[in-house]
Structures are given as C-alpha cells and as structure tokens.
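Sequences listed follow chains A and B, in order.
First residue of the first sequence: 343, per my numbering; consecutive thereafter.
First residue of the second sequence: 26, per my numbering; consecutive thereafter.
Read the hints as simulated data drawn from the structure, not as lab findings.
There could be a bad hint or two in this list.
Here are the simulated SDA-like pairs of lysine to any residue, each with C-alpha atoms no more than 20 Å apart in a straight line [stated by the list, open to error]:
| # | chain 1 | residue 1 | chain 2 | residue 2 |
| --- | --- | --- | --- | --- |
| 1 | A | Lys971 | A | Lys782 |
| 2 | A | Lys848 | A | Ile655 |
| 3 | B | Lys161 | A | Ala525 |
| 4 | B | Lys161 | A | Leu767 |
| 5 | B | Lys137 | A | Asp1069 |
| 6 | A | Lys782 | A | Leu798 |
| 7 | B | Lys128 | A | Lys1116 |
| 8 | A | Lys1002 | B | Lys161 |
| 9 | B | Lys137 | B | Pro176 |
| 10 | A | Lys848 | A | Gly838 |
| 11 | B | Lys161 | A | Lys1108 |
| 12 | B | Lys161 | B | Thr196 |
| 13 | A | Lys848 | A | Asn1067 |
| 14 | A | Lys1116 | B | Leu197 |
| 15 | A | Lys1115 | B | Glu38 |
| 16 | A | Lys660 | A | Phe852 |
| 17 | A | Lys1108 | A | His1097 |
| 18 | A | Lys884 | A | Lys1002 |
| 19 | A | Lys1116 | B | Thr196 |
| 20 | B | Lys161 | A | His1097 |
| 21 | B | Lys161 | B | Leu138 |
| 22 | A | Lys1116 | B | Pro176 |
| 23 | A | Lys1115 | A | Asp1069 |
| 24 | A | Lys1002 | B | Arg113 |
| 25 | B | Lys94 | A | Asn1067 |
| 26 | B | Lys218 | B | Gly318 |
| 27 | B | Lys161 | A | Arg497 |
| 28 | B | Lys128 | B | Phe96 |
| 29 | A | Lys1116 | B | Val194 |
| 30 | A | Lys1116 | B | Gly175 |
| 31 | A | Lys667 | A | Asp683 |
| 32 | A | Lys1002 | B | Arg114 |
| 33 | B | Lys137 | A | Asn1067 |
| 34 | B | Lys161 | A | Met527 |
| 35 | A | Lys444 | B | Glu38 |
Some chain B residues near chain A, calculated using beta-carbon distances under 8 Å [unchecked claim]:
| # | residue |
| --- | --- |
| 36 | Glu38 |
| 37 | Gly44 |
| 38 | Ile45 |
| 39 | Leu60 |
| 40 | Pro71 |
These figures come from a predicted structure and were not determined experimentally.
Note that the Cβ used here is the ideal one computed from N, Cα and C, for glycine as well.
Now for the letters of each chain:
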Amino acid sequence: MKIQRYLQIVMALLVILGTWLLGMGQQSLLYPLAAVVIAVTSLIVVDFLQVFSLSRRLSAGLSIVACCVLLVQMIQNKEQSHLLNVANALILLEAILCFQSKNDRIYWELLALTLLQVIVAAALNLGVIFGFVLLVYVVVAILALALFYIHREVRSVQEIRNGTDSVTANGSDSFRWVRNEDAPMQVMNRSFFGRLATIFGVSILATVLMFFAFPRYSSTVWQRPDEQISTVGFSEEVKLEDIGQILESPEEVMRVEFLQPDGRPFMVSGEPYFRGAVLWAYNHHVHSWRQQTSSNSAEVFRNHRSPDISRTIRQKTKLFSVSRKVMFHTSPAYWNQGTPDKVKYHAEQFELLLDENIIDSQRDFIRYELDTTAFQSTGRQLDVLPAERGIGNSALQSLLSPWAPARTEDDVDSQFIQEMATQILAAEQLQNADAFQRAKALEQHFLNSGLYTYSLERAKTRNRSVNPMADFLQNHRTGHCQFFAGALALMLRSQGIPARLVVGYKGGEFNPVGSYYVVRQLHAHAWVEAYVSDNEWAANAKPGDLARSGNGAWLRLDPTPYDETVDADFSRVPWYTRAKQAIDYCQVLWDDYVLGLNSTRQRQAVYLPILRAFYNLFSREAWSDWFAKIGHSLMTGEWITWPTGLFLALFGMSVFLFRKLIYESAQSLKRRLLGGRRRKRNRSEPAFVLWDDLENLLARSGLDRRPEQTSCEFASLASARLSENPDTFPFAQLPLQLADVFNRVRFGLRTLAAHEATAMQTELAKMSAVLQKKRWDQNGKSDAAAETEARLV
Amino acid sequence: MFLRKCRVSIPSETWWYIGIVIVVIVGAVIREINLLLILSGLMLVPILLSRLMVGSMLHRLRCERRHSKSFRPNELISVELALVNPRRRLDSWALVVQDQIQKIERNRDGSKLLSQEAAPRVFIPFSRHGSTQTAKYEGALQQRGRYQLGPLQISTRAPLGLFRGTMTVNTLSELLVTPRIGIVSTQWKEFVKAERIGQRSNRKNHGQLEGDFFGLRDWRNGDSRRWIHWRSSAKRNELVVRQFEQSRNQDFVIILDLSVTPEQFSTEQGRAAVELAVSFVATVISDHCRRGGGQLTLAVAGGTDQSVRGTASNALLQEAMEILADAHATTGEHLATAIDRHLGRFSSDDRVIIVGTRPIQLRDSARLSEAWADVQKRRALSSAICVDVTSDQFAAWFSFDEETRWTRSAPSEPPANAVSAVGTQSVRSEGSL
C-alpha cells in the first residue's frame, strides 16, 4: 500500500526533524545523529521488512524505564535545566515508538512526541537556523497529517479489491467498497499539494502577522540570543568586544554620487573615505573611544563655502540610516544649495550632524548635497586635511591620553605599547624624525610587517586581564579595523603625536551605469588622523595638496591591511560568500526582531510605521511626495527594483480580488433582489410566464439556474432533484414538460393551448404549495428532528 | 429543500491538539518566549484553515445512486454512487460516502418501520470541480423484501484530518429483493398432471384469427384468403398471410395463504414456513412464466392482500415477484376472503392452487360457506390443489439447490399430510406447472 509507505517515510523524517530541532536547543550533535540512525533502522526493519518489532508490553516497560531515568536525572542534576531532561525523555520515548509495529495510535503518539520536542526546543535559545528547520518541520508535519488521515479514511472503508475477494453473505458486513488499486493515491494530486501549500503559506503569513501584532507588555527582551553577535557597521562608539564573531551586514547605508561642476560624473581613484564620527577621547578603563564635543560647539554650516571653486566636487548622497545624526561626507565639506538647513558643523573634527527634527521624523531616507575639495584632479582623495582651528590644551590632552598629562608608569600595557612603538621607530631609525614621518612609519608597520592579519573572527583565547590593544599587539595580532586603528592611535599618542580615531565608511560598490557608490554596513571602517604642524606638512607635501591654513593639518593613516572580503565589490563575491552573508544578516534580523522583540522594539518597528502610514493616507503632502517620487523614478529608471515589482504585484492582485469581490457581490445582490422576478420577458405569453414562475419557484427553494445552463439542462437537473424526495416526486416531470413547452413556443413559434396552460399552471401551483410547506418545515424544525423524521418516513 | 447544511464535528485527537496549542500560547505569554509564540501561530492557523476548508469542500456537492431495482436473495447487488461537484473552482478530496440500507417492514398494525440492515461506505479520493466521480459498493441481501437506500452521508476530513465535515443528502431509492427461487421436482409436475386426468379439456376454442399476432409469411396453398394481409401484399407485390399464436395452455389461479397462528407468527419456525411458501409460489410462477402461455393469477391472502393476473410472461413475473417480495404473514383468517374475492372473477375452468403454511381444509363449510354456496366457486374449489409447505410430502416437491440454500435458518421438517388435493374431477389440459 503506497500511501502507508509514504506515511512511514514522512513519519521517519518528522522524527529526525523533531530531534534535530531538539538537538539544536541542546547544542548537541549526538541526538540528531541518533535520531537518523533510529528512524532509518526502524523504517527498514520494522516498517519495510517487518522482521522485528517491540511488543506492546515490552514497549510499555521500556517507557516506564525511560520515565524513571528522567526522574533520576531531575533529582540528581539539579543544576541542569529540567527542560533538557524532558527533552532526553522525549527522545527515548520516540525511539521506543519507532520500533513498534505502526498503527493509528502509534502514529498519533509519534506526531504528538515530535510536536512536544519542537515545543521544548522552542523554549531554548536558538539561532536563525532553528527558524529554517522549523519551516521544514511545518511542511513535513502538514504532509504527515494529510497522509495519516488519508490512510485512516481508506482503512475505515471496507473494501473489495477489484473483485478478487468474494462477497459473502454475512448480513451488514457483506457490503464492501469496490476499490481501485490506486484510489488512495489519487488523492495525492497536484491540486491537493496546492491546497497543502496554501495552508503552509497562509500559516506562515498569518503567524508572522500575529507575531508582530500580538502586543508585548514587557520592555525586556523575551528571548535573548545565546551568543552576543555584532555586525560590521558604523558606530559612534568603538568598544572592543569580548569574544565571538562579527557578522557582515549587507544592509544598504547610502548611495553617493560625485559630480563635477558641469554636472558630469567625477571618477574617484581608489576607494573614497566617507567620514562619519571622530572619536576623540580614550577611556583607559572602559577601553572605548568617544567624542567629547558638546552640541554648543556646533556652528551654522550655511556660511561654510568652498574656497576653491575650480576643484570643488559635488557629493550627492541618499542616506537610508536616518536614525543616526551623522552626515557622511568626504572632508573637507562645504555647504551648497542642496544641503539641508540647520546642519551642525564641528570644525575641529570635520563632523557634520543632522538636525534633530529630521531624525525624529523617522523618514526612510534623506537626500543631501555637499561640496567637497577632498579630491585631486586625478581623482585621488587627499590624505592631509588642513586644520581649521588649532588644538587647544584640553583637546591636546585628550588626543594624547593616556600618556598626557601624567604618564601612568604603573600601567604595564601602556608601557608595552610605548616600547613597541619606540622599537619600531628605532628599527626604521626615525626616532628623531618629524611627526609626519614617524606616523607614516608606524602605519607601514601594520601594513607591511606581515605580522598582522585582518579578521572579523575575534580571538576566543584572549586574556581578559590584559588591555585589548596590548593583547592585540602582543598576542593574537588578528582583528578588524578598530583594533588596527586603535592600536595605531595609541602608538602615535605614546610617541607624543596627537591622534584621533575616525569612523565612517570606506569604498562601496561602484555602479558604473549610474556612476554612484552603494555603501553598505559591511563597508564600515575606522582609521586614524594624526595631527602635524604646518612645517612638518610642508616638509612632506605633495603636489595637489590643499593650501595650508596655518593651524596645522590632520594626516589620515589607515593601518588596516587590505582584505578582499570587505573591500570586494558585493556583486562580485562568490555565491557561497553571499549566501553566508545573507544567513548572517538573517541572524541579525532574527535576533533583533524575533528573539529580541519586546514592547519597545515592537512600538518602534511595527506600531509607529503603521500609524505613520495610516496618517500619510490622509496627508496631502505625503501623496504629492509619493507621486513626485513615482514620477522621478519613472524618469530616471530607478523604478525597476524589487520593491516596485512587489508593489505592482500586490496592486494587481488587489485589483483582481477587488473586481472579483465587486462582481460576486453584485451577482449575489442581483439574486437576492431579483430572485422572485427575474427575466421579465413577454408576460403576455403563457409559456414564458410559466417558465419564469418555475425558475423563480425553484430559485426560492435553493436551486438557482446558472447562466450557462440551457432550459433543458436546468429542467433535467430540477427533475432529478425533485425525484429525490417522495413529496416532490410526483412533480419530477413538470420541469421537463415546461422546458419542452417553453422551447416549443420560443423557438418553434407555436402557441400554448389554453387548456394545456391551465393544467400546467395548476400543477405548478401544487408544486409551489409542496415546496413552500417543505421550506416551512425545514425552517421550523431542528436538524435532529428532521433527521429523525426522515428515518421514520 | 435543496440546501443541505454541513455539520462539522471535532475528533477527540483534535481536542488534544487544541489543548496543546492553548498550553503553548499560555506558556509563550507567561514565560515571554517569542519562539513559542511563533510555534503557537504555526499550530493554530492550520486548525482554523482546516475548519474553513472542511465546510467549503462539502458545499453544493450532490450525490446520486444508480442500481437495478430488484435482486434475488444472495445475488450480488452492485450500487454505483455518483458524486457531482458542480462548483466552478473548488475541488474536494478524500470523501467518504456512506449509504444506508434499511428494510421496510410492517408492524402488526400495518405501519411502516425501517430497520437498519447495512451501512456501506465508499471512498472517493478526488472530486474535481465541474465533474462527476463514481464509486461502487457491492454486497448481498438474504431476506426478501423491500429495502430503502439512503439517505446518503458525505463526509470528509480533508485537508489535514483535524475536523470531520458531514453532509446528509436526502437521496432515497428503493430496492426489491425477490423471494428465493428453488426447484420444483418432477414429482410435483407429475402430481399436477395426474390431478388433471379425467378433467374436461380446458383448451380454449379460439377462432382462426384469434390469438396473439405472431408475424407474416408468404402465402401457401391451402391458406385461407381471410389470412391475407392485403396492405403488405400490395407493398411486396405478392401474397402475404398473417400468422397467429393460439393459446392452448391451462390457466391457473394461485392463492398464497399467509394467514398464520400467533405461535407461528412469533417463532422462527413459523417464519421459515412462510418464507418457504413464498419461495414455492415464486418458483412455480417463475417456472410457468419462463415457459409462457396461459393466464396466471396470483393472489396473496395475508397482510397485503394483493393480486395480479395476466398472460404468463416476464412482465407478469416481475409484478408477481414484487407482490411476493412485499408479502408478509399476518395472524387471522384471510383465505376465505381471498377465495371470495378472486375465484368469482375468473373462469371456473381455471386451475386453483392454494399454498399455505398449515393444513387447508376446503371442506370446512362453516368457514367457506359463501364459496361453497356459489356454483362457479364450488367448481373451482372442488378441483383445487392445496399445498401445505409444512407437510412431509412437500419436501419431495420442492427444494433449494446448493447455491441458493438458506444460510441462516433451514426450514424445519414439514409435517405429514401437508398437501391435499380436494378435486377428483378429471381435467384434460395442456397446461402444466
């Protein structure tokens, strides 16, 4: 029996999946492997070959033993979670069931056990892989349920197999269904699988809606992920985390376009550095960088114009991460007509900040323009920026911390960093060189010594008692850009060179068609700026440098070795890398919006956008803005994107459903309103009157004539239905007679004799009375009473 | 009247499933576990969808039944069920159609009573929209009688088996199980023939052109000119004469007396005797109708008190079988009424056979005083053959072959002196039974 075979296979698969999910919760590979062995072995030995099966008594005994083992474990291992003990017991019970001869009870128990396994697994902290496997489990479970009930239904019907079994006269048992061999398999057609797929799809969709809409009452995270996972991305604070992996997020941050004054694209040579925040101070105890500039230092940016029009390049930016206040730019940046109002500018740090109102509006993106003189005519970005202001004493102290104002002699780690920097310079014989050359030498140490490697995998064996910078320089020498930049900044400071950390983005995916950069979170970067005097800059100046301001300059130093994974064009990376990145990103979303969805996040991510969208429905500005964007997209060709395609698909589907809804509603209304007086033909012709009366009478009784039915087809159907009931049986021929008369008059152009019309009218009246009585009976009696009456008649 | 509502029931295992879902939801909310909330959604939505789909799958389905109208006991009954899905889009899967086979019986007061005999079920795997699917069940019924088929119950648990939707379709039809046919022995035939000896000829003296029209043939020398069919002769341009089939058979009147005593009515033995009598009459009539010829009258003296008369043919056999299928025993005396009613209507030359479940005393003038007072009835009664199926002699006249033997209850040994032939007047007839 094929259906039983399929059921056995699907049940085995369900057992494996349930145990796999449980094993993921326990972070153990043992249970999934054991489940595979048990399921496959039992499938072959018990189900297919039927050479072995546990008896019911033995199974019951083993089950009791399993429960006893659970109790002992729960008593002995009090530290261990009770859930894990329950999980172990479930696996044992499942194994016992697998080796029993399968019947309906066993199938149900297996289904219930796998479900309990998944419930227990869901109670444990799990990653995004759990979500994927859970989807597979749901598919298999739906299939298993469908197969199981088909199997039961077929077995419940007693059968004769194509006449091979003889009919025995044993009274009520003698009647059997004459079954085709493949009858059960006929259920499993494409249409049935389509229906199951619909159930799966609707279940997923409804679950997602319910999950996000169900109100949370707590601001604490409902379920925290096991492992602290960070992502590559811009941060206004650099904190060197403990252990774990940093994931590369392909989330799009901005699109940047460089234009010449005449509007033509400006081609940048190399990867541009988009400046974000400047992390000025270093807290020795917290090991973090952060700025110390207060908002009072902001200036009105409007008066900050480019001093050299000839080398001014226009930077057009579409920024998606509006929640951050930093405006990413290539320094030095200047105001132009496309720059938003109320932009705050910190001259000491070359920082541009968005206005708070723009951030609070929580728009999806903003567009802004800036002028910049950061590029030479060759397209190369300048690495020395003239300082607009001199460094004050307080700032100088911060830029030299922790070696200023008083060096902490007892800090072993700081001593190590200083000694190491000194040794590097000594090796290059640059102890007495100017700051410019020493800074470059230290940068080259990271890039060319071959001792350091770039990695997003943080060393898990790091000594927690040691300064992460010292640990990086001394021990593992592997890390991401923040380690390199932080270490170089400390080395520079140990040599008395003021240095600060800059975080932003480097490079991006250049789109040659649109001549713009697509900058993603994985392009986030950190580098160092060292302060040099005018004289030192002049001694090391290059052709094409900017004019000196008299306040010194900031030399950009990037000690991070080149890494192809980070700097590669995202569209050119291999598919497996992209898949890994996609999974990584899914993990981020899973942690943020599934495991970590609390009331606060729900309000921000779900409720507020919905309210805003609802508000925008009645906002004239929103509609005009939307139409303007549509027009712009159509003009520029940007509309060919997947969101637009999705929107068009949803729109088309809505139109189709709306049309269908309207059509069916109209049809229903028409039936209700015109049910008693439809198709008014020539009322003077008795044949038409009689036929219309018949149709109306039957329509009131629930038999409506469909548009595609001819009068003869309808009459045949009505006759068959009338003959089903003993009360209406005498009128079974009346519809056929009326149809004949109707067609004779309508197409044969004959007239209906008066006596014939009278006779039919009388019959119709009798039938009407009977039908009316039956309707009254049906409405007045309960179903049970009607059924009882039907049995007694 | 055509609207049939679907009734949805929840199996016990689904209640367990719903219980688990509720526990998961409560646990997710109380323990603040988001994954459990997702899981509860994935468990809850299929329940709701199943409930919706079960109802929609049965909506507007129609079921019709096709079968022959009459069967013999233990004959293979084949009933085809046609499931019509008139919907435009929606298909249905895994439908179980259950029929009801109920025997129509009569109480002592003659009221109708249905007793459940069987509830055969068929499985229809798939019903595509706008199409008709058929399934068949087969079986056999032992007891003669009239059976009601229906109403039909269409049920499904698709798509996931969590709910069962059931719809009752009031499609009723009737099925007739005719009496069991046995074998009349040559002794019986000889007995009937011997009873005829000495009787006057009952051959009907039909004229040349009387009788049933048989056909046309070419004219031969010696043929009467009255036989010529002039219209056909004109068409064929040669003389054509008509042929007629003349009846030369004996006419019979068979009275089945199903009047029984209260003891017989309530005992298995008495009921077996009734069935034996009915089978004997059915066999005799079947035998006669198979050969054809002669007039045959069947009258049942009992609960139904029905009769039929006609030329021995398949049509008459069918009618007689319907009457015999419905015939049932009643307490009281009905034979005299039947004799009074039927014997006076026909020729006194008809041969009368009275079959009963107890010894028949036609000489009982007190009981049959009216019949003996009438000359025509007296003549018929005087030559009547009385058959008591409980007599010893009856076993030599009638038997069932092996295939049609009773499987539940064998007839008891009939008592002696069951058959008595009252008439001694010799009859010469070409008819035989």
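The hints, checked one at a time:
1. Lys971(A) to Lys782(A): violated (47 Å)
2. Lys848(A) to Ile655(A): holds (18 Å)
3. Lys161(B) to Ala525(A): Given that 20 Å is the threshold and the Cα spacing comes to 12 Å, the pair holds.
4. Lys161(B) to Leu767(A): violated (98 Å)
5. Lys137(B) to Asp1069(A): holds (17 Å)
6. Lys782(A) to Leu798(A): Status violated; Cα separation ~25 Å.
7. Lys128(B) to Lys1116(A): violated (25 Å)
8. Lys1002(A) to Lys161(B): Not satisfied, since the Cα-Cα distance of roughly 39 Å exceeds 20 Å.
9. Lys137(B) to Pro176(B): holds (17 Å)
10. Lys848(A) to Gly838(A): Not satisfied, since the Cα-Cα distance of roughly 28 Å exceeds 20 Å.
11. Lys161(B) to Lys1108(A): Cα-Cα ~37 Å, so violated.
12. Lys161(B) to Thr196(B): This hinted pair holds, its Cα atoms lying about 16 Å apart.
13. Lys848(A) to Asn1067(A): violated (84 Å)
14. Lys1116(A) to Leu197(B): holds (16 Å)
15. Lys1115(A) to Glu38(B): It is violated: about 41 Å lies between the C-alpha atoms, which goes past 20 Å.
16. Lys660(A) to Phe852(A): holds (15 Å)
17. Lys1108(A) to His1097(A): Status holds; Cα separation ~17 Å.
18. Lys884(A) to Lys1002(A): It is violated: about 72 Å lies between the C-alpha atoms, which goes past 20 Å.
19. Lys1116(A) to Thr196(B): Holds, at roughly 15 Å.
20. Lys161(B) to His1097(A): Violated, at about 46 Å.
21. Lys161(B) to Leu138(B): Measuring from Cα to Cα gives roughly 27 Å; hence the hint is violated.
22. Lys1116(A) to Pro176(B): holds (17 Å)
23. Lys1115(A) to Asp1069(A): holds (10 Å)
24. Lys1002(A) to Arg113(B): holds (14 Å)
25. Lys94(B) to Asn1067(A): Holds. Lysine 94(B) to asparagine 1067(A) sits at ~17 Å (cutoff 20 Å).
26. Lys218(B) to Gly318(B): Since the Cα atoms of lysine 218(B) and glycine 318(B) sit roughly 16 Å apart, the hinted pair holds (cutoff 20 Å).
27. Lys161(B) to Arg497(A): holds (16 Å)
28. Lys128(B) to Phe96(B): holds (14 Å)
29. Lys1116(A) to Val194(B): With a Cα-Cα distance of about 15 Å, the restraint between lysine 1116(A) and valine 194(B) holds, given a limit of 20 Å.
30. Lys1116(A) to Gly175(B): Roughly 19 Å between the alpha carbons, so the hint for lysine 1116(A) and glycine 175(B) holds.
31. Lys667(A) to Asp683(A): holds (14 Å)
32. Lys1002(A) to Arg114(B): Between lysine 1002(A) and arginine 114(B) the Cα gap is close to 13 Å, so the pair holds against 20 Å.
33. Lys137(B) to Asn1067(A): holds (17 Å)
34. Lys161(B) to Met527(A): Within the cut-off at roughly 18 Å; holds.
35. Lys444(A) to Glu38(B): holds (17 Å)
36. Glu38: holds (6 Å)
37. Gly44: At about 11 Å, which exceeds the 8 Å cut-off, the nearest Cβ of chain A leaves the hint on glycine 44(B) violated.
38. Ile45: holds (7 Å)
39. Leu60: holds (4 Å)
40. Pro71: holds (6 Å)
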